[in-house]
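Undergrad: Sequences listed follow chains B and P, in order. If you read the first sequence in the numbering used here, its first letter stands for residue 1, the second for the next number, and so on. If you read the second sequence in the numbering used here, its first letter stands for residue 233, the second for the next number, and so on.
Do not rely on the hints blindly, as some may be mistaken.
Reference excerpt, derived from the structure (chain P facing chain B, CB under 10 angstroms, subset only) [unchecked claim]:
(1) L246
(2) Q249
(3) L278
Hints listed in this document are in silico derivations from the structure and should not be mistaken for laboratory results. Note that this is a predicted model, so its numbers are computed, not measured. Every residue gets a Cβ at the ideal spot worked out from N, C-alpha and C, and that includes glycine.
Below are the chains, spelled out letter by letter.
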Amino acid sequence: MKFGVIIFPGSNCDHDAYWTIQQVAKQPVTFLWHDSHDLENCDAIIVPGGFAYGDYLRTGAIAKFSPVMESVRKFADGGGLVLGICNGFQILCESGLLPGALTRNVGLKYVCKPVHVRVENADTPFTNACRQGEVLTIPIGHMDGNYFCDDATLEELRRDQRIVFRYATPTGEITPEANPNGSLDNIAGICSPGRNVLGMMPHPERSSEPELGGTEGFKIFQSLVGAMAEKP
Amino acid sequence: MKAYVYVSLKKSVLDPQGKTIQGALKKMGFKGLEEVRQGKYFELTLDGGLTRAEAESEVARIARDVLTNPVIEEFRFSLED
Numbered sequence: 001m002k003f004g005v006i007i008f009p010g011s012n013c014d015h016d017a018y019w020t021i022q023q024v025a026k027q028p029v030t031f032l033w034h035d036s037h038d039l040e041n042c043d044a045i046i047v048p049g050g051f052a053y054g055d056y057l058r059t060g061a062i063a064k065f066s067p068v069m070e071s072v073r074k075f076a077d078g079g080g081l082v083l084g085i086c087n088g089f090q091i092l093c094e095s096g097l098l099p100g101a102l103t104r105n106v107g108l109k110y111v112c113k114p115v116h117v118r119v120e121n122a123d124t125p126f127t128n129a130c131r132q133g134e135v136l137t138i139p140i141g142h143m144d145g146n147y148f149c150d151d152a153t154l155e156e157l158r159r160d161q162r163i164v165f166r167y168a169t170p171t172g173e174i175t176p177e178a179n180p181n182g183s184l185d186n187i188a189g190i191c192s193p194g195r196n197v198l199g200m201m202p203h204p205e206r207s208s209e210p211e212l213g214g215t216e217g218f219k220i221f222q223s224l225v226g227a228m229a230e231k232p
Numbered sequence: 233m234k235a236y237v238y239v240s241l242k243k244s245v246l247d248p249q250g251k252t253i254q255g256a257l258k259k260m261g262f263k264g265l266e267e268v269r270q271g272k273y274f275e276l277t278l279d280g281g282l283t284r285a286e287a288e289s290e291v292a293r294i295a296r297d298v299l300t301n302p303v304i305e306e307f308r309f310s311l312e313d
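Given these sequences and hints, build the entire structure.
TA: Written as structure tokens, this is what we have:
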């Protein structure tokens with residue numbers, strides 16, 4: 001069971017994710033360079049936060065053409081586990097691994113603060129350590145986190161329980177005030193039809209140790225480790 | 233030959249930047265304004281190796297596959313000799 005953390009030029013949460021997997025989850029982990037097709041037999045891939053290729057043109061627009069993403073696409077098509085965090089979520093949407101797009105925050109400001117997200121589906125490889133409806137406190141830090149998709153896609157996401165996290169109040173109510181960026185339906189994270197690809201704007205690696213002010217984000221990594229252990 | 237590509241957000245997508253500009257213009261007293269939508273503009277200089285028809289299809293491909301995200305954006309372009 002090995003994790004791979006991709007490094008793009010401009011990634012800046014790659015080391016945090018690596019640290020969390022190695023030091024907190026105590027799992028084998030390696031960095032994967034954007035310019036290589038080799039996923040080094042990893043069992044789960046993390047597409048980390050940051051500003052891949054400077055986010056020039058659009059967030060994730062250049063990253064989707066990188067050699068490593070070609071391999072990640074094949075890996076995901078074969079059922080491989082892929083977690084995209086923040087810029088990673090944007091890249092997964094641009095790459096077509098997840099539907100929709102992340103656009104400029106409604107308030108036009110970079111928002112950096114802890115938020116509350118409600119677990120809408122605890123039956124995924126990324127949330128199996130959570131309770132259904134549990135509220136997690138995890139920080140966000142982004143300028144383009146405003147999730148958008150067309151009506152038909154939203155309907156599909158709802159019907160198939162592919163909305164995994166929604167911005168909520170501390171008590172778990174879904175309100176406009178709890179929505180930090182204007183995301184459609186308060187969406188903070190979604191998964192693929194096969195449940196093996198998850199994109200989320202909050203940073204679970206930034207709330208995985210008490211020293212960071214919270215540990216609730218660690219449940220995402222804990223879930224992944226559990227899901228990988230179950231795999232034959 | 234030059235290609236001028238305009239990328240804009242689809243009508244169905246909220247444009248908070250355009251809205252902010254619109255608000256500012258209104259506050260500054262500009263009149264007759266109904267809506268502002270912000271977009272992107274690209275100027276491509278072609279190397280002369282393509283016919284007009286070929287340039288047309290190549291620029292369309294560039295605009296569709298790279299310069300826009302079809303989920304949220306649309307484009308139009310013009311060519312100039």
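Undergrad: With reference to the structure, classify each hint as holding or not holding.
TA: Evaluated hints:
no.: 1; hint: L246; in the structure: holds, 7 angstroms
no.: 2; hint: Q249; in the structure: holds, 6 angstroms
no.: 3; hint: L278; in the structure: violated, 19 angstroms
The structure shown violates just one earlier hint, number 3.
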